[in-house]
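Enquirer: The residues making up each chain are set out below.
Protein chains: 2
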Amino acid sequence: MDAGRDERSVTPQSEDFSAWYNELVLRAGLVDRGPAKGTMVIRPYGYRLWELLQAELDRRIKETGHDNAYFPLLIPESYLRREAEHVEGFSPELAVVTHAGGKELEEPLVVRPTSETIIGEMMSRWISSHRDLPLLLNQWANVVRWELRPRMFLRTTEFLWQEGHTAHAGEADAMRETMLALGLYEEVARDIAAMPVVPGEKTAGERFAGAQRTFTIEGMMRDGRALQAGTSHYMGTNFARAFDISYTSAEGRLEPCHTTSWGMSTRMIGGVIMTHGDDKGLVLPPRIAPYQVVIVPVGRGGEEVLAEARELAIRLRAAGVRVHVDDRPHLSPGYKFNDWEMRGVPVRLELGPRDLAARTALMARRLTEHGKEPIPLDTAPGVLPEVLDDFQALLLRRATAFRDDHTRETGDWDSFTEAVATGWALAGHCGDPVCEEDIKARTGATPRCVPLDGPPFSGPCVRCHAPAAYGKRVIFGRAY
Amino acid sequence: MDAGRDERSVTPQSEDFSAWYNELVLRAGLVDRGPAKGTMVIRPYGYRLWELLQAELDRRIKETGHDNAYFPLLIPESYLRREAEHVEGFSPELAVVTHAGGKELEEPLVVRPTSETIIGEMMSRWISSHRDLPLLLNQWANVVRWELRPRMFLRTTEFLWQEGHTAHAGEADAMRETMLALGLYEEVARDIAAMPVVPGEKTAGERFAGAQRTFTIEGMMRDGRALQAGTSHYMGTNFARAFDISYTSAEGRLEPCHTTSWGMSTRMIGGVIMTHGDDKGLVLPPRIAPYQVVIVPVGRGGEEVLAEARELAIRLRAAGVRVHVDDRPHLSPGYKFNDWEMRGVPVRLELGPRDLAARTALMARRLTEHGKEPIPLDTAPGVLPEVLDDFQALLLRRATAFRDDHTRETGDWDSFTEAVATGWALAGHCGDPVCEEDIKARTGATPRCVPLDGPPFSGPCVRCHAPAAYGKRVIFGRAY
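Note that the protein sequences, when read in sequence, are chains A and B.
Under the working numbering, think of the first position of the first sequence as 1, with each following residue one higher.
Under the working numbering, think of the first position of the second sequence as 1, with each following residue one higher.
The following block holds chain A by itself, in its conformation from the complex:
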């Protein structure tokens, strides 16, 4: 940081996006570093964000017929070995309990990195007839994956998530489920987090360990990089065969189930920060902002102003607004303005003796293109929900425009390398993993997804000029 910079400000995005992020998550009070390598403490402000996002997702998961359940944290090591690709994918990241109750265990227990194996084992006990299908389960849980290059929210040794796990009588039903879950993620990202994500399918090299098909929603961060914000996997019968998840059909035949799994995690918080934040700090979408409105008493109004601020807060709360009165007596209004800007509160209301006399408050939106404007105290509870809805819509428009401005259809290698230096390239690709690796080595960009709604494309590969695979252009970008 520059020596001249306010100690509570953060490095500008344009100077060092990564430093901006790392400083901001700490200064905005979202997280702190945990003692074990790569772990994070989620502080109340960050956890409330997660709770609000979680509530929206949980409601949708339940409404679509899934039941929450809870499976053990500790999984016998041998379970992971039953699905060959799965164990290969996760082995390097495992944390292993070797001692418990003062003794060495006969079989080590793995701290779950994901729960396909233990849930598969239980599904095999619970499913016998076609009448038991579909089995639609979800779990909210912590998981542990040892991270060599941890980063708060994005890659932490322990993170929180939900993992859906379902079993079906056939491929068609399982694929419907896979796409349903992806649709929930897209909806929550767009409508709640104001992140205009692209739903698409991963190429073979980016698939989940053990999956037959992996789908993703990809968001663009303000440095042009992609963030995988949720994934949904069709497992085919891979796990069903490994864990003997089978059912007797109506015709009396024993058949393997087709399973899916899908997850969204605290990583989404990182996505929100990097989609909307600016040099002043966080910019939070109202639908998940812990405080949607903060009221800051200003001037020398003393108790009278404070009483009015509290009264206004009560009326706003009754209108369904999450509001906070910053009554800290030892801090100046200017300090508080900066503080709440850093913490991304969508709307600030300033209230002083002169405002009180005029029966108004001075409203400042977090993205201040309109400047401040007075709003009448009496009608504020009616007006603010609309202001917040507008702010939510503005964030989505702004992020969509940014994403579109930084996405280019590219036919030749030069424009491709230019595009992925600052954003995404839509390009034909041959589908050969060797060519994928070559592109990654030269540009840092990887295929993010084959977008579901991409128009047909049958030209050459942008790198090797062989005929393009997938029938559409692929999104390439550098990624988190």
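Because the hints were derived from the structure by calculation, they are not lab data.
Watch out, some of these pointers could steer you wrong.
No copy labels: a pair is met if it fits in one copy or bridges any two.
Calculated lysine-lysine pairs in the DSSO-like style (CA-CA distance at most 30 Å, straight line) [stated by the list, open to error]:
#1 62 to 336
#2 62 to 103
#3 103 to 37
#4 280 to 440
Got chain A; can you put chain B on it based on the hints?
Expert: Coordinates of chain B only, in the frame set by chain A:
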């Protein structure tokens, strides 16, 4: 089990209470056994119970000014050693991660058995001034304690809970907090779980490892045993000194904080089962019953009855009732009646062609002292919330009467041993740990608590006749 008994029924409580419990939790679909020793899978029906209880407790925790946060699962082993009593108490129960990311760790990590140490470490970073106090935190999390004699919900290697952790400027404020948390637990147990618990203080021998004072709520199960259903601890400055949690007072002096912690866990589900259940199965308090009402189509009404059942369900749902239509075509009404009795649904509505003609449904309450009675379909949405409230109140009255019937004030050893064989004894006790041990060895009974509202008592110890301590009678009982 008797050879002649229906395979879906359970051993009667009177025959073998423990077998009744162990069979019931599996048959009612609450849990299944996990693969690692002493772990449990919480199935959707059991997890929904937990979610409903959790929502009630979480709301109260937030309303009293506490913020949720999340701290890492894995704690450096050295943290536990900083508080001598704490490490001594928890060492035998620890699960230890020694390897991660393919390597042996330099310092082993403990899977949290409770989070005083890691939260204490963070509090010491976050607190510097008296303005930072009180710091009121809560965490919903899984914890692991290696159990030698596990039992579903009551003692499992992994369980779910909330743990409140707070820091205060002095003893008075910390003690207020300790009692506030105990009050929340008492309220949730009584008003939500219909468990008439006794709040009281633990004797020295039953204190939490590292606490200065431990308070508890104790419920009586239907076999007369006590269940500790929630605890609240005043730590004094023990953890503050171990983790350097201190603040600068308004007068500029550096002072240690006074801390508290308090927890309620999935153990409460075991308490609900053993407080209300009977030989037919679970009996669930409506306020946490996953389904408060189940509608079972009967007779040969076919689609017409089913359509009416679904329509009724929609109207009941709109009235705030959690209702389920059992439309499984391959099962008989009799099977379904038994099934929902086993699963403890408070109210069953039977709906057949004749009921439909009379525009009524036949209502059966789970405790059938009233028999079945017809209720008009049109007014059902108005009537059922009242029926459910009455049922909730009935459960609390019934459990209170049972508890009172099985609690005796005892002055002499013979009546004491008789009382603790079937319930609780209120008895004078000298407070000497050796005498406590002697009583336990002879009767299996331990001091459950010194009840907060017990009348003054100054007679002799029921066992050794030395003068009684505590100024009141102590509750003794065998316990889970």
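Enquirer: Please sort residue 62 with residue 336 into within, between, both or neither, judging by C-alpha distance up to 30 Å.
Expert: between (40 Å within a copy, 24 Å between copies)
Enquirer: Could you figure out if residue 280 and residue 440 sit no more than 30 Å apart (CA to CA) within one copy, between two copies, both or neither?
Expert: Cα proximity of residue 280 and residue 440: none, with 33 Å in one copy and 64 Å across.
Enquirer: Indicate which option fits the pair residue 103, residue 37 if close means a Cα-Cα distance not exceeding 30 Å: within, between, both or neither.
Expert: both (25 Å within a copy, 13 Å between copies)
Enquirer: Tell me, please, which holds for residue 62 and residue 103 at an alpha-carbon limit of 30 Å: within, between, both or neither?
Expert: Neither. Shortest intra-copy (41 Å) and inter-copy (40 Å) distances fail the 30 Å Cα cut-off.
Against the hints set out earlier in the document, violations occur for numbers 2, 4.
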